[in-house]
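**Q** If you want the building blocks of each chain, they are given just below.
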Amino acid sequence: MGLVVDDSRSVRKVARRILEALDFETAEAVDGAEALAFCKAAMPDAILLDWSMPNMDGLEFLRLLRREPGGEAPVVVFCAAENEPAKIAEALDAGADEYIMKPFDGDIVASKFSMAGLL
Amino acid sequence: MTPAALDFLSELVRARTGVILQNEKSYFAESRLAPLARREGHESVEALLTSLGRHWDEKLAAATVDAMAIVDTAFFRDREVFEHIGRIMLPTLAATRTDGVVRVWCAGCSTGQEAYSMAMLAVQVEEQVPNLKIDIIGTDLSQRALEKAHSGIYTQFEVQRGLPIRLLLQHFVKTGDMWQASERLRHAVRWRQLNLLEDRRSVRAFDILLCRNVVRYFDPVIADRVLEQMAAALAPDGFLVLGAGETTTAPSLARDETGPDTFRKTPAQGQAAA
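Same order as they appear, the protein sequences are chains W and P.
In this text, residue positions in the first sequence follow my numbering: the first is 58, and each later residue adds one.
In this text, residue positions in the second sequence follow my numbering: the first is 1299, and each later residue adds one.
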């Protein structure tokens, strides 16, 4: 199961199509709070995670997720517009497995998922 | 593009590089040559080729071949190949070299991603094999590809193809919208323009020779001739690595089943060289 977390409906739609092409059953969440509720109910295998979102941003979600029971398990791939090395390092320190800088395409997602051991 | 223009281009590229353009590459040729055609003041790629056919201009012909010869590539292309090199080849070779120097040749290195991948791999392996010193040379036919390789500057899109994010942060510096390979990486690789079709005698013996996704575009007879020359440039216990699914019938080379797309010199070749 793959979870796409992004406040943009069009990004979620594109990401869902890419994940489904990689044979992931895919769910969507519009922000970190919704994603966290989803994870508490059913831990996904993979999470494609935006950074800036209303309510709860990606970084805060990730920190809370990693403290949840079973929250270490999902492979988390950030997919965000932030592309400064210091910001990326912050995301990795918070427990991200890989990082995609937007804009992205199917090849990049497949390449990063494969590096993160998902494919 | 008319079939005549495409034929003219195909013959030019085949004669200079040994590469056979497929018919479906018309779109590819258009996209590769459009900037050159614009720069040279031609209204289309076809006009450029027609003009070149009528009034031969060596510099323009070379620029045309150069633009066609830039190959799309990625960092750590075919990850299992690099895992094998890092786990088996580099430690094995470093242990048997008195000076610890492992000589690597990336033949057909295009814009440099493969050679820089080797340099990053060497930094990783050095942690376990402290006496390892890696000497990397990247060669390509295309001067423009080499200029980019030498600069080490890649777009955000390019650094996301095959390159794990931690290696990006470790080895690249963000400069504006682009990412540049660190000074350490850039110092690890030397670049040289080389046409693999030219006859030459290599004075150096390479321990690892990467010639990946190059010979598949060659006429098979030419491919084997090129690979025979490469076998002669290999150390007796060296490794030649081809691209995924590429193979050769060159008599001096035999498949090494222990590694992906890996070949070694046949014993006969070793004796003949001795």
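Think of the hints as simulated: they come from the structure by calculation, not from any bench.
The structure displayed is predicted, hence computed values, not measured ones.
Just to be clear, a hint being listed does not mean it is correct.
[Unchecked claim] Cut-off 25 Å, straight-line C-alpha distance, at most; resulting in silico cross-link-like pairs (BS3-like, lysine-lysine):
| # | chain 1 | residue 1 | chain 2 | residue 2 |
| --- | --- | --- | --- | --- |
| 1 | P | LYS1472 | W | LYS144 |
| 2 | P | LYS1446 | W | LYS159 |
| 3 | P | LYS1472 | W | LYS159 |
| 4 | W | LYS97 | W | LYS70 |
| 5 | P | LYS1472 | P | LYS1357 |
[Claimed, not checked] To give an idea of the interface, some chain P residues facing chain W are shown, with a C-beta separation under 8 Å as derived from the structure:
| # | residue |
| --- | --- |
| 6 | ILE1451 |
| 7 | ARG1459 |
| 8 | PRO1462 |
| 9 | ILE1463 |
| 10 | ARG1464 |
| 11 | GLN1468 |
| 12 | THR1473 |
| 13 | GLY1474 |
| 14 | ARG1484 |
[Claimed, not checked] To spell it out: a stretch of chain W is covered by chain P in this simulated footprint if at least three of its residues, at any positions, have a beta carbon under 8 Å from a beta carbon of chain P; those stretches are:
| # | region |
| --- | --- |
| 15 | 71-77 |
| 16 | 82-95 |
| 17 | 103-111 |
Glycine included, every Cβ here is placed at the ideal spot set by N, Cα and C.
**Q** Work down the list of hints and note, for each, if the structure agrees.
**A** Evaluated hints:
At most 25 Å may separate the alpha-carbon atoms for a hinted pair to count; LYS1472/P and LYS144/W meet this at roughly 12 Å. Among the hinted pairs, LYS1446/P with LYS159/W is consistent with the structure: their alpha-carbon atoms are about 23 Å apart, no more than 25 Å. Between LYS1472/P and LYS159/W the CA atoms are separated by roughly 15 Å; this keeps the pair inside 25 Å, and the hint holds. Of the supplied pair hints, the one linking LYS97/W and LYS70/W holds, its CA atoms being roughly 23 Å apart against a limit of 25 Å.
Proximity of LYS1472/P to LYS1357/P is assessed by CA-CA distance (about 35 Å); at most 25 Å being required, the pair is judged violated. Because the smallest distance between the Cβ of ILE1451/P and any Cβ of chain W comes to about 15 Å, over 8 Å, the interface hint for this residue is violated. Restraint check, ARG1459/P versus chain W: the minimum CB separation of about 6 Å is within 8 Å; hint holds. With a least beta-carbon distance of about 5 Å to chain W, the hint placing PRO1462/P at the interface is held under the 8 Å criterion.
The criterion of a C-beta within 8 Å of any C-beta in chain W is met by ILE1463/P, whose closest approach is roughly 4 Å, and the hint holds. A cut of 8 Å between beta carbons decides the hint on ARG1464/P: the least distance to chain W is about 7 Å, and the hint holds. Hint on GLN1468/P is violated. Least Cβ distance to chain W is approximately 10 Å, over the 8 Å limit. With a least beta-carbon distance of about 11 Å to chain W, the hint placing THR1473/P at the interface is violated under the 8 Å criterion.
Checking GLY1474/P against chain W: minimum C-beta separation of about 11 Å lies over 8 Å; hint violated. A cut of 8 Å between beta carbons decides the hint on ARG1484/P: the least distance to chain W is about 18 Å, and the hint is violated. Beta-carbon proximity to chain P at under 8 Å applies to 0 residues in the region 71-77 of chain W; the threshold of 3 is not reached and the given coverage is violated. With 0 residues carrying a beta carbon less than 8 Å from a beta carbon of chain P, the region 82-95 of chain W misses the three-residue requirement, and the given coverage is violated.
Given as covered by chain P, the region 103-111 of chain W fails the check, having 0 residues with a CB less than 8 Å from a CB of that chain where 3 are the minimum.
In terms of the numbered hints stated before, the structure departs from hints 5, 6, 11, 12, 13, 14, 15, 16 and 17, listed from lowest to highest.
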